[in-house]
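Since the structure of chain A is provided, determine the placement of chains B, C and D with the ligands on it from the hints.
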Amino acid sequence: GGDAPVTGGGLTYAINQEPQCVDPHATGQSVTSSVARPVVDSLVWHDTASGELRPWLASSWSVSADQRSWTFVLRTGVTFSDGTPFDAAAVRANLDHIVDPRTKSLGAAGVIAPYYRDSQVVDAHTVTVRLKQPFASLLVQLSTVAFGMQSPKWLATGGTELCTTVVGSGPFVMQGGWRKGRGVDYVRNDAYDWAPPGAPHQGPARLDSLHIKLITQDSARIGALTSGQVDAVARVPALDVKRLEGTMRVLRAEAPGENYSLFPNTASRVFSDVRVRQAFRGGIDWDNLVQRLFFGAYRTAAGPLSPATRFVAPATTTAVPYDPARAGQLLDEAGWRGRDAEGYRTRDGKRLTVRFASVKAAETAENVTLSEQVQAEARKLGFDVQIVNLPISQVINNAQRGTYELMATGFSGPDADVLRKLFGSDGVAVPGRMGSNIAKYRNATLDRLLADAQLTTEEPRRAALYAQAQKQVVDDAAVIPVYAAGSLIATTRSVDGVVFDGEASPSFYAATRSR
Amino acid sequence: MLVVRDLSVTFGSGRHRVDAVRGISLTLRAGRCLAVVGESGSGKSVTARALLGLAGDHATVRAGALELDGTDLTRLGPRQWRRVRGRLIGLVPQAAMVALDPLRTVGREVAEPLRLHRAVPPADIGERVVELLTDTGVPEPRIRVRQRPGQLSGGQRQRVLIASAIACRPPLVIADEPTTALDVTVQAQILTLLDDLRRAGTAVLLISHDLAVVAQLADEIAVMRDGRIVEHGPAARVLTAPEHDYTRRLLDAVPGRGGPPAPPPSAPVVLRADGLVKTYPRPGRAAPLRAVDGVSLRLHAGETLGVVGESGSGKSTLARLVSAMVAPDAGSVELDGGPWHDLSERERRGRRTEIQTIYQDPLSSFDPRHTVEVILRHALQAGGERRRTVTDLLDLVGLEHGLARRRPALLSGGQQQRVAIARALAVRPRVIVCDEPVSALDVSVAAQVLRLLVGLQREHGLAYLFISHHLGVVREVSHRVLVLKDGRVVESGVTGEVLDAPSHPYTRSLLKAVPAMPPREAMR
Amino acid sequence: MRLVWSRCGHALLVLWGALTLTFLALHLTRGSVVDAIVGNNTQVTPAVRAQIVQDYGLGRPLWQQYLSYLGRLLHGDLGTSYQLQTPVRAAIAEQLPPTLQLMGLATLLAVTTTLVVAVATARRPAWLRAPFALLEVAGVAVPQFWLAILLLTVFSFGLHWFPAFADGPAGLVLPAVALAVPMAGILTQLLRDGLERALEQPFATTARARGQRERGVLVRHALRHALPPALTIFGLLLGSMIGGAVVVEQVFSRPGIGSLLLTAVTGKDIPVVLGVVAVTATGYVAINLIVDLLYPLLDPRLKD
Amino acid sequence: MAVADLPPADLAVLSGRRRARGVGPVLAAVFLVLLAVAAIAPGLLAPGSPDTTSTADLLRPPGAGHLFGTDQNGRDVYTRIVHGTRDSLLAGLAATALALAAGIVVGAVGALGGRIADNLTMRLVEVLLAVPGLVTALLIVAVAGPGTTTLIMAIGFIGMPAYARLVRGQILQLRGSAFVEAAVAQGLRPARVAVRHIIPNAVPPVLLLATIGTGAAIGASAALSFLGLGPRPPDPQWGAMLQQGQDYFAVAWWTATIPGVVLTLTVLAITTLGQHLQRRFDGGNPG
Ligand SMILES: Nc1ncnc2c1ncn2[C@@H]1O[C@H](COP(=O)(O)OP(=O)(O)OP(=O)(O)O)[C@@H](O)[C@H]1O
Ligand SMILES: Nc1ncnc2c1ncn2[C@@H]1O[C@H](COP(=O)(O)OP(=O)(O)OP(=O)(O)O)[C@@H](O)[C@H]1O
Ligand SMILES: [Mg+2]
Ligand SMILES: [Mg+2]
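Chains as they are written, first to last, in our numbering: chain A, 273 to 787; chain B, 42 to 565; chain C, 10 to 313; chain D, 1100 to 1386.
Source of the hints: derived by calculation from the structure; they are not laboratory data.
Since we're looking at a predicted model, the values are computed, not measured.
It is possible that some hints are incorrect.
[Claimed, not checked] Cβ pair distances, simulated, as ranges:
| # | chain 1 | residue 1 | chain 2 | residue 2 | range |
| --- | --- | --- | --- | --- | --- |
| 1 | C | G66 | A | R521 | 34 to 40 Å |
| 2 | C | T121 | D | I1139 | 50 to 56 Å |
| 3 | D | R1291 | B | P306 | 35 to 41 Å |
| 4 | B | A368 | D | A1200 | 35 to 41 Å |
| 5 | B | G195 | C | A295 | 25 to 31 Å |
[Said to hold, decoys possible] From the derived model, a few chain A residues whose C-beta atoms are all more than 10 Å from chain D:
| # | residue |
| --- | --- |
| 6 | T320 |
| 7 | P357 |
| 8 | D359 |
| 9 | A408 |
| 10 | G495 |
| 11 | G500 |
| 12 | P509 |
| 13 | R515 |
| 14 | R564 |
| 15 | D595 |
| 16 | R609 |
| 17 | R619 |
| 18 | A637 |
| 19 | A648 |
| 20 | N661 |
| 21 | P663 |
Glycine included, each C-beta is placed from N, C-alpha and C at the ideal position.
With the rest of the complex left out, here is chain A (with noise of 0.2 Å):
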């Protein structure tokens, strides 16, 4: 950058994934938001740099004393790309299309419509959202891309259009919707003049247009941008950086939410001893794992939560140390006193056997051979770790039927609230019911820490409780972080002004290519 920024021609990125539906209010998938966020704006916008939340299609908020109705009032002069003007009613059909169940939401529905009573329209950019109990991570759930704001009038029309094609008031305007397999197109939205404050620039969007494509196989994807054929790609696996840095620019951000973990049935035969959970978590050089099998790519995770999430608690009340020794002497204390022929840990002649449910389909390869190195490692602790990889609707069924002992799993969420999915004893899965706290985790001190966080807006109140809970569920053993995940992207030396929001997408907004 520098001088005068280039304007104009298109850039091309390359992602790992197919959206199955790129509805942001409807989907469940994560990479849904690269594809969404350039059409879409939210009405809250979530500073990275100070991790304050600002106005962006809001220009200003109120919470009730109550803590159940907000009052957002709106930017005004702000209009959907079909021409629909964005206002106070626009944001209700939003929230309301939401948690509308027709909408099918897989996604944002699950996060607000527990609480979401109803939006009221105050004037034509008056907006008032009142809920059925208090909800404090509201405002940074609204900064989202699910949340992102789409056009009332493309979204009355509830046809299945609405998985190809998202129409916002974003910086670009989506062209033809998602083609599966291949990706999609945008030009530029020449009308866009609200940027969020912080953005790197105001006004309309610097390239002419952009271009997603879809390229499933990371070596694939690597060699597309090496051999020049896209000028960005979306995660670049970690072996490729060091090896990319010399040509490429290569982008990180940590992803808020949980780090990428591994979870301990701690309803299961094995690890409903805390002490051999302990004794996994401590047993295993984690640090050592993550820093050569990732080549320094990410940071060794330090407790649940990623460094980029709000309330996430300091490392040093969360780190646990590396301690083989003692891990050994727990698994004696817990009764896995016995080896037999393989050298596997034995209790009244039953072996240690732990059952690792992993949808390697759905895995990166780095989380397989990171899988695979925890086998090894476990092995040196008298753990028989058997890898399970099942398709994903088997994996559901064995989740609910607790017939496993680990599995892995990061969940993005932007604030500490995430740990209510994971650790929430209603997270818990049974037969017909799916849950995400595949810890089964249940302990109703630490359901009530969380329940409590949501009842304040005060943030160093929230901060204090969320601390709380997180040192609980590091004493428990009910969690092993392995590594802060996040969003690696490579651009090449021609593309600049790429940032990533909150979510560590990327934006496109501020971006340029230069020839």
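Below, chains B, C and D with the ligands alone, put in the same frame as chain A:
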């Protein structure tokens, strides 16, 4: 016109070396016919191909001289050779049934040499093809040109081959076994055709293993054996006063010149068939084919009943009916006065050994994985035999013991046929159905097999149902004859009567077609 | 005419069988359809789940779902994708062309290579023939996806000869080659063997004796004899090409029926799987029908 | 998978007559003997453990110490290849055996069981051929859960129709042959005829298809591994190695290339030897 001196052809080298032709010399003048005779494998076809430069990939051809109309053929390059083939020398290849491309129309096949050698302007090719087919006596030539070889009879195909060979009016025509595997009637027509060619001034090199055939046509005869010419001379002389022992043996082997065997003493009927009918469905709406249509016969112990008839007249079908391999649509067969067809397969199984069949193509009747020994051992087991051994059987049919360990595929045709006979005899049958037992064999071998069959009959009192399209063969072995035409018996009776004084015109036409040999002055 | 009817009936039977088998197998897989649709989105509300069950009729007994599927199929309605939430017919209509292009070009490449190589090497000296023979067997032996990756790495990323991800025809080349190699390998072996067999037939000697050149014997006589068996195999290979297409599309990140199928099967997107099976089974039946019809053209004896 | 689809008559064409002599079959045999040793006693060729990881030795290129380099977990690729032989071959062999057994049963029932049985089995075979093999495989894996056993079942199932067709064709053809007629004429019971003549003659072409099919099955198991349906980690099956290695292709070519080459060579060797043996068999029985 054609001068061949010291021609030799070898295949392969070292251990695998085969000397197929070992220094033969021939000359042939326009309007003359030279016949090359000799048993199978004597090198006749190889000679023919060598004259066209087509001896094969692995062949080494050497010749003192190879001249055609003064051109030295030994000096020709591939391109010049192509100009000789079809234009200067026409070849009528062996195996008429497969020598035409089954996927192309007859017209295109005949036109090919015309086109390649630009013998006539392209526009006239069609007319010329029709003309050629007419000349060679192919009926309805305008229809035939659009048909494929599969739609033509064997004789017609042979004529098409001749038409194609003479299309460019080559001065020399080589006809390699032009009549084997053809019915006698058709054979006669082909020989006439070749004779016409010769009269018109073409030099004809006729190759055959059958002296009776060449007797009709040849001006000169060369007798080949093991790649050498053992006797060469004017036809009349060679046929009537052969000098070489081998020639004499060949002449002796020509069947049908002895009288029919004496009638056996009267004996009981072993096999009796009455009003047998077998129909086969035909594609489309056509009425079903009556392959066997009301045939009745009696076969006495120790007797041979000959069945003759053209190809397709139902002979093999009759054989399969008699041996209960197919069920008749009507009529019945009795064995030893008892029921045979009316038995259930289970009941019949125990008595199956009483009727055995010797097939036209013996090789396919052997399990390809089994050795001669295994085949015969199984047969002995099937016959419940205790006393005789495989060696006894080999002795019976005059086979060397060493052959027992070979698989039939590695035996010669005559040897294969002997194994087939041995297998049939192993189960001590009462009746043997011989379906064209010698038609795949060359004359001298055929004669041996026939002698064997006759001898065995005398010794064991076997009854034969002897099927053949070759009247000479039938005459030599049969006591009585049955003439089949289109599935019906048109004439039957004692061999001598039927074949010497036929009453039915069909029988007469069959007989007339049999090539006659000039009487020989025995010079033993 | 009767033949045509019985052929169609036969084809319908095969189609029905294929669909029924797939339907049953899909339902036999563990885990409920709703779970598969929801996937790892663990925070889905009960209302949404209920809506999914209702929209897709998942609450009904299996036999009702089966019958209603067949019923709708009779009206040409392939249903709606669970995952994509778009009509299956539209999804297939969108994904079929790229796959057909891919398979079309691959077939063209395979057939051309086969004809050229087989004709050029039939009955030629070993030094000419052996390398090709080895390549052919190797072409069949090499794992297709690995070959695809190799091609991609070498010719697209390394040598920059072909773009790998362009929508245009240039982007089609490498995937088509990857798909064509095994097919060409098998067909070339077959065709050359057929040619060599035919060249040893007596009719080939007859043609040579007429003055026909070796090339002429090959092209005018032998080829027609060698083609029919190659054609049968060609039909079968075409039918099973879809499996290769899945792999190749995956490696090259190409849109197409293969990718559609793969995600649908793992995601239990039953209407899509059934739709794809319906298409491929129809394709299989149609190809075999065409082969059967072509046969008499190559070998007119079959008409008689 | 493709080769296993060949119909009988044409299979003979495919395999029967390549006259290539030379060292091909010898090399193939030597290679297969090596593989057999690796399968039976991997420790002889590679004493180490295939699962020993070393985070200090990730993706080392081939060289001294690591003949074929190391993989993304720092495991020795050579050791893994050797120790993976048994599973990789077993998958192909077992799948082929399964396909063969099922195919023989279905084919024999079709050929010998009368018109209705014939119609039923052949329609079934057609239906199975009409469903893309991959779909069938994916479905089987989805029903039975992944792992080597399922993989074998799936590939075996896909291969079955080809064998069924071949067996049926062979039996029908042999039943009409002259030598079977000759055996019947000697009064042999049908069971005897079947045991003595039909089965032994039907077996060689079926076995030939099986040799080619084994190669195809090994390849198919690799392809299914590629699609994520492979064996359980850390089993060093070649297909799985290949699949994992491809993610590292640009940086560490050897992780994918070596299993790919070994896999190709194996299939090549099996096919070459199978064709050679068939040729030998044919040589004894022209016609
Ligand atoms: N291409 C070849 N390679 C090796 N040997 C051959 C070849 N062609 C012919 N022979 C051998 O040459 C010898 C002569 O064969 P040829 O075909 O000339 O016999 P023939 O006299 O025509 O017999 P027939 O009456 O059976 O046609 C035989 O031993 C045969 O096996
Ligand atoms: N299984 C069958 N199905 C249909 N038609 C048949 C069958 N077997 C024989 N025919 C037909 O029955 C007729 C008589 O055949 P058959 O084999 O008995 O003749 P043939 O006298 O033995 O002839 P050739 O001398 O050629 O052996 C022929 O037209 C033949 O095509
Ligand atoms: Mg000959
Ligand atoms: Mg006959």
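Right, here's what the structure says about each hint:
Separated by about 50 Å at the C-beta atoms, G66(C) and R521(A) break the suggested range of 34 to 40 Å. Between T121(C) and I1139(D) the CB atoms are about 45 Å apart, so this pair departs from the stated range of 50 to 56 Å. The hinted window of 35 to 41 Å between R1291(D) and P306(B) holds, with their beta carbons roughly 39 Å apart. As the Cβ distance of A368(B) to A1200(D) is approximately 36 Å, the hint placing it in 35 to 41 Å holds.
In this structure, G195(B) and A295(C) break the distance hint of 25 to 31 Å, their C-beta atoms being roughly 41 Å apart. Residue placement check: T320(A) keeps its beta carbon more than 10 Å from all beta carbons of chain D (closest about 30 Å). Annotated as non-interface, P357(A) keeps its C-beta farther than 10 Å from every C-beta of chain D; the closest such distance is 48 Å. Every CB of chain D lies more than 10 Å from the CB of D359(A), the least distance being 48 Å, so the non-interface label holds.
Look at A408(A): its CB is around 41 Å from the nearest CB on chain D, clear of 10 Å, so calling it non-interface holds up. With a cut of 10 Å on Cβ distances, G495(A) falls inside the contact zone with chain D, its closest approach being about 6 Å. Listed as a non-interface residue, G500(A) keeps its Cβ farther than 10 Å from every Cβ of chain D; the least gap is roughly 15 Å. Distance to chain D contradicts P509(A) as a non-interface residue, since its nearest Cβ pair spans about 7 Å, not more than 10 Å.
For R515(A), the condition that its CB be more than 10 Å from all CB atoms of chain D is violated, with the nearest at approximately 6 Å. Listed as a non-interface residue, R564(A) fails to keep its Cβ farther than 10 Å from every Cβ of chain D; the least gap is roughly 4 Å. Look at D595(A): its CB is around 18 Å from the nearest CB on chain D, clear of 10 Å, so calling it non-interface holds up. Separation of R609(A) from chain D is adequate, the least Cβ-Cβ distance of about 24 Å exceeding the 10 Å criterion.
With a minimum CB-CB distance of about 23 Å to chain D, R619(A) clears the 10 Å threshold, and the non-interface call stands. With a least CB separation of 4 Å from chain D, A637(A) falls inside the 10 Å interface cut-off, contrary to its annotation. Chain D draws A648(A) into its interface by the beta-carbon criterion, the shortest separation being 4 Å against a cut-off of 10 Å. For N661(A), the condition that its CB be more than 10 Å from all CB atoms of chain D is violated, with the nearest at approximately 5 Å.
Separation of P663(A) from chain D is inadequate, the least Cβ-Cβ distance of about 6 Å not exceeding the 10 Å criterion.
Violated hints for the displayed structure, listed by number in ascending order: 1, 2, 5, 10, 12, 13, 14, 18, 19, 20, 21.
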